[in-house]
Amino acid sequence: MLMSITERFREIATMKCLGATDRYILSQFMLEAAIQGFFGGILGMIIGFVVAVAKGSVTLGGTLFSAWPGYELCAAGAMATGVGILLSVLASVYPAWAASRMAPMDAMRVE
Amino acid sequence: MAFDEITYAKGREALVSVHGIVKVFQRGNESVRALQGIDLTVYRSEYICVMGPSGSGKSTLFNMVGGLDSPTEGRVFIEGVDMAQLNANELAFLRCRKIGYVFQSFNLNSVMTALENVTLPMLLAGVISDDARERGMALLRKVKLEDRWSHRPKEMSGGQMQRVAIARALANNPSLLLCDEPTGNLDLQTGREIHHLLRDLHEIDHVTIICSTHDHNMLSVSDRMVWISDGRIERIACTKDVKIEKASLGGEQE
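Going down the list, the protein sequences come from chains A and B. Each residue of the first sequence is one higher than the one before, starting from 1 at the first, in my numbering. Each residue of the second sequence is one higher than the one before, starting from 112 at the first, in my numbering.
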């Protein structure tokens, strides 16, 4: 997220020139982090599910499918997604704050 | 001919007033005075060209007038409002509704279409999306890009991108258009198209324009020229009192 913000300094500064408030920039980056965390969490859940089922079927064999832990899998999946969103949002607090404090005059700079 | 501000100001309404602004940047232990006491009044519906070598303080002056930075000393007024009295949210409001910015490097959002780029400041101003879309298309029509509304910046030429940037700058009917070397990244012909567009905006729609440029074509249609050197105004002159000579290395000149 910090990389993404330093790479996008011109976009942020331009947005501020166009009238975006500090709060708007902060919300934009927090929302982006939450969306990234959501999809990251979903991806992690799918990979975790595949690995867990593969490992379970090796160690437990057919028992795994006869006593399918549906509720536990759903709960673990929801937790993985929730933790993904939470970690992503927490990790973005400082970079998003730094982005919101960025000076709008940086947009005028020519590379 | 010396510029007579009192005669020039008769019957004109001041839009931007800059009083004795000084800007000092701290670089380590060294202080750099980018602006050393600038006084300037820009009148409504006026087209001003600001010239000066690199490092003369043009961009710093633009930052002050555009509410992007604050002066170390002095005051900047836009429509009688002292910018030093505004908080961050009020400055954002001013930038959104009163000032339109056109940058040398266009600064369009690369993932948005031309129409989305133009309507972005309207959405920041709280305009509902149907109205923003309608007005965005009208602005794209004004810059002759209505058939390119769905194109993204990478699908457009430099001149087209700058026209989209000008339409975006006009999104919320600003009182002032600040153009920082708008033809600096464009070839001569494309630069001429931008110059014609700005001239039409000034003559037909009476938009107030402050433009920094080295382009002779742009200088010739402005009302006044301001020369800046070493952070001071060296000279102000009405364009009609200045003889502009264009150098050419062959080929046709306008």
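Be a bit skeptical, because a hint or two may be false.
Subject to a maximum C-alpha distance of 20 Å in a straight line, what follows is the list of computed EDC-like cross-link-like pairs (lysine to aspartate or glutamate) [claimed, not checked]:
(1) B/K209 x B/D180
(2) B/K265 x A/D22
(3) B/K209 x A/E72
Here are the simulated distance ranges between beta carbons [said to hold, decoys possible]:
(4) B/S181 x A/V50: 52 to 58 Å
(5) B/V222 x A/A91: 52 to 58 Å
(6) A/A91 x B/E116: 36 to 42 Å
(7) B/N220 x A/V50: 34 to 40 Å
No lab work stands behind these hints, which were simulated from the structure alone. Here the structure is a predicted model, which means the values were calculated and not measured. Don't be surprised by glycine CBs; every beta carbon is placed ideally from N, CA and C.
Status of each hint after checking the structure:
{"no.": "1", "hint": "B/K209 x B/D180", "verdict": "16 Å, holds"}
{"no.": "2", "hint": "B/K265 x A/D22", "verdict": "28 Å, violated"}
{"no.": "3", "hint": "B/K209 x A/E72", "verdict": "57 Å, violated"}
{"no.": "4", "hint": "B/S181 x A/V50: 52 to 58 Å", "verdict": "56 Å, holds"}
{"no.": "5", "hint": "B/V222 x A/A91: 52 to 58 Å", "verdict": "23 Å, violated"}
{"no.": "6", "hint": "A/A91 x B/E116: 36 to 42 Å", "verdict": "56 Å, violated"}
{"no.": "7", "hint": "B/N220 x A/V50: 34 to 40 Å", "verdict": "37 Å, holds"}
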